[in-house]
Amino acid sequence: MKMLEVQDLNVWFGGGRDRVDAVKHASFDVAQGESFGLVGESGSGKSTILRAITGLAPDWSGKIMVEGQAIGHKRPRTFFKTVQMVFQDPYASLHPRHSVDQVLGETLQLHGFKDIDARVVKLLDDVGLGQKFRFRYPHQLSGGQRQRVAIARALAPEPDLLLLDEPTSALDVSVQAEILNLLADLRTEHNLTYVMVSHDLSVVGHMCDRLAVMKDGEIVEVLDVDVLRHLNAEHPYSRQLLEASL
Amino acid sequence: MMSVLLDVENLWVKFPSRHGVFDAVRGVSFTLGRERLGIVGESGSGKSMTGRAILRLIRPPGIVEADHINLEGVNLLDKTEKEMRDVRGQRISMVMQDPKFSLNPVMTIGDQIIEAYRLHSKASKAEAYKKSLEMLEAVSIRDPERVMRAYPHEMSGGMGQRIMIAMMLIPNPQILIADEPTSALDVSVQRQVLDIMDKLVKDRGMGLIFISHDLNLVADFCDRVLIMYAGRIVEVCDAEKLHAAKHPYTRGLLNSLPRLDAPRDRLEVLQRDPAWSEAPSVSGRV
Ligand SMILES: Nc1ncnc2c1ncn2[C@@H]1O[C@H](COP(=O)(O)OP(=O)(O)O)[C@@H](O)[C@H]1O
Ligand SMILES: Nc1ncnc2c1ncn2[C@@H]1O[C@H](COP(=O)(O)OP(=O)(O)O)[C@@H](O)[C@H]1O
Ligand SMILES: [Mg+2]
Ligand SMILES: [Mg+2]
Numbered sequence: 003m004k005m006l007e008v009q010d011l012n013v014w015f016g017g018g019r020d021r022v023d024a025v026k027h028a029s030f031d032v033a034q035g036e037s038f039g040l041v042g043e044s045g046s047g048k049s050t051i052l053r054a055i056t057g058l059a060p061d062w063s064g065k066i067m068v069e070g071q072a073i074g075h076k077r078p079r080t081f082f083k084t085v086q087m088v089f090q091d092p093y094a095s096l097h098p099r100h101s102v103d104q105v106l107g108e109t110l111q112l113h114g115f116k117d118i119d120a121r122v123v124k125l126l127d128d129v130g131l132g133q134k135f136r137f138r139y140p141h142q143l144s145g146g147q148r149q150r151v152a153i154a155r156a157l158a159p160e161p162d163l164l165l166l167d168e169p170t171s172a173l174d175v176s177v178q179a180e181i182l183n184l185l186a187d188l189r190t191e192h193n194l195t196y197v198m199v200s201h202d203l204s205v206v207g208h209m210c211d212r213l214a215v216m217k218d219g220e221i222v223e224v225l226d227v228d229v230l231r232h233l234n235a236e237h238p239y240s241r242q243l244l245e246a247s248l
Numbered sequence: 046m047m048s049v050l051l052d053v054e055n056l057w058v059k060f061p062s063r064h065g066v067f068d069a070v071r072g073v074s075f076t077l078g079r080e081r082l083g084i085v086g087e088s089g090s091g092k093s094m095t096g097r098a099i100l101r102l103i104r105p106p107g108i109v110e111a112d113h114i115n116l117e118g119v120n121l122l123d124k125t126e127k128e129m130r131d132v133r134g135q136r137i138s139m140v141m142q143d144p145k146f147s148l149n150p151v152m153t154i155g156d157q158i159i160e161a162y163r164l165h166s167k168a169s170k171a172e173a174y175k176k177s178l179e180m181l182e183a184v185s186i187r188d189p190e191r192v193m194r195a196y197p198h199e200m201s202g203g204m205g206q207r208i209m210i211a212m213m214l215i216p217n218p219q220i221l222i223a224d225e226p227t228s229a230l231d232v233s234v235q236r237q238v239l240d241i242m243d244k245l246v247k248d249r250g251m252g253l254i255f256i257s258h259d260l261n262l263v264a265d266f267c268d269r270v271l272i273m274y275a276g277r278i279v280e281v282c283d284a285e286k287l288h289a290a291k292h293p294y295t296r297g298l299l300n301s302l303p304r305l306d307a308p309r310d311r312l313e314v315l316q317r318d319p320a321w322s323e324a325p326s327v328s329g330r331v
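Order-wise, the sequence lines are chains C and U. In this text, residue positions in the first sequence follow the numbering used here: the first is 3, and each later residue adds one. In this text, residue positions in the second sequence follow the numbering used here: the first is 46, and each later residue adds one.
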């Protein structure tokens, strides 16, 4: 089954002479359980695709289907029980005055869970933080620990599809390794589907099965990671990216 | 022998607090010639503080101490704050890690570049506008007219960084300290920005301190590399030999990277040894 289908997606910001067509005619689909990468230069529209899917970019046209259902411009709350997003910047994405317990507890409450206490405990264990972090505030956490909290928050509603926007770009390579290992484990354990944005081809190569290469708002090529590994990308831009990352 | 532009001996950056003094940089020594000197290490290892300390840009209560920080033989620690402003404006430029904080949020990008340009030349406004467009083009900004009208928050990280580099190059400095200048940039633009800096080192004999957490990039781009851990230099090597580095910390960082040509199920995770931060700082002098 297809987890996500995106057909002829256009996303724009602003109007007049300052209108930006951030995504143009993007089409791709992601199978259930697959890990799909989006790569391309900064400003090429990768984040915008994820933001359009989650409803954070209001001006879009085309078709977005999640688990076979077309989504409209308004997302019902149940949508976020299926789709969750993790952002690049673990510093900006957590409220500075909310403890880890509040962040996770409130998210769970919002999604109507009753056994909140047990679930907070489980979530912290799932992301490898453990209970000693439960009552800490963001400023008492390292970047990697914050990203673990952000991942725990995304896992709270038990989603099927995780949209990961450069989840390790702000982290040290040593911490990146820990988070990528964690994400790989979580995908297996929770049977998750990933769409992962990265500007780092080797990260996508490590995490994904297939990927789309974006340039100037358009998807120029969709290819298997295996093809990438054997340096067989077709589109000149993909080849350029590839050469630059070897 | 390569001529020495900058000579840093036994540099400390200390942050006193109620709980005691935190030493962010602990006795670091190195020289910089007309070369590309990389400083790598994890976040918090003291890279930015080292760069800022050279320009005496550590905010109180932070303290900079050193036996000397000599710029062509003159100790910057002996200069008055007013003299330091000239050093910062004319002789050593720094591109900060987060360009959004370095740009004025309520002024258009165009006005900021024009102002920076006119500070250093007697150009007319029209001339300065033309030069500013050229400078934006030189750092590969595609739509410079739109960018001139825009405010910093409307720019992506990569655009902001290129704008900062364009502005830093206006006074034609002898030394450029670039703090993670390309971390927010995609690979193709990264290459262009590196080429710009490379040209400045080669053509104008500029000295470049290139701060980065990206080991592959530094190995590829720099001449020499200092590897920092917990405020000290743990290893110094020629950039081209970085992949053969010996220190277990450097090796651990290298091994934690995913590689397209060598796929693995799990990435290696760094195992830290307390001894790394206790060993004395290695000298980066030539
Ligand atoms: N809120 C916004 N307002 C105006 N333009 C935006 C906004 N968000 C993104 N853009 C523009 O859309 C384009 C795509 O941005 P983005 O999707 O963030 O790129 P990527 O994630 O690939 O770096 C860029 O030109 C960017 O400047
Ligand atoms: N104002 C400050 N007060 C106390 N400690 C600080 C301050 N600014 C930075 N530090 C600490 O100094 C250390 C080195 O920081 P920095 O040079 O920015 O690291 P890097 O650039 O390598 O990531 C870090 O542990 C940081 O927390
Ligand atoms: Mg993005
Ligand atoms: Mg820094």
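These are calculated hints, taken from the structure and not from any lab test. Backbone N, C-alpha and C fix where the C-beta goes; we use that ideal spot for every residue, glycine too. Possibly wrong hints are sitting among the right ones.
Stated by the list, open to error - Covered by chain U, per the in silico footprint, the following chain C stretches (three or more residues, Cβ under 8 Å): (1) 92–102; (2) 111–124; (3) 180–188.
Unchecked claim - To list a few chain U residues with every Cβ distance to chain C over 12 Å, as calculated: (4) S147; (5) A171; (6) A173; (7) L214; (8) L299; (9) R309; (10) L312.
Okay, the hints, checked on the actual structure:
no., hint, result
1, 92–102, "violated (count 0)"
2, 111–124, "violated (count 0)"
3, 180–188, "holds (count 4)"
4, S147, "18 Å, holds"
5, A171, "22 Å, holds"
6, A173, "23 Å, holds"
7, L214, "21 Å, holds"
8, L299, "9 Å, violated"
9, R309, "8 Å, violated"
10, L312, "4 Å, violated"
Hint violations for this structure: numbers 1, 2, 8, 9, 10, all remaining hints satisfied.
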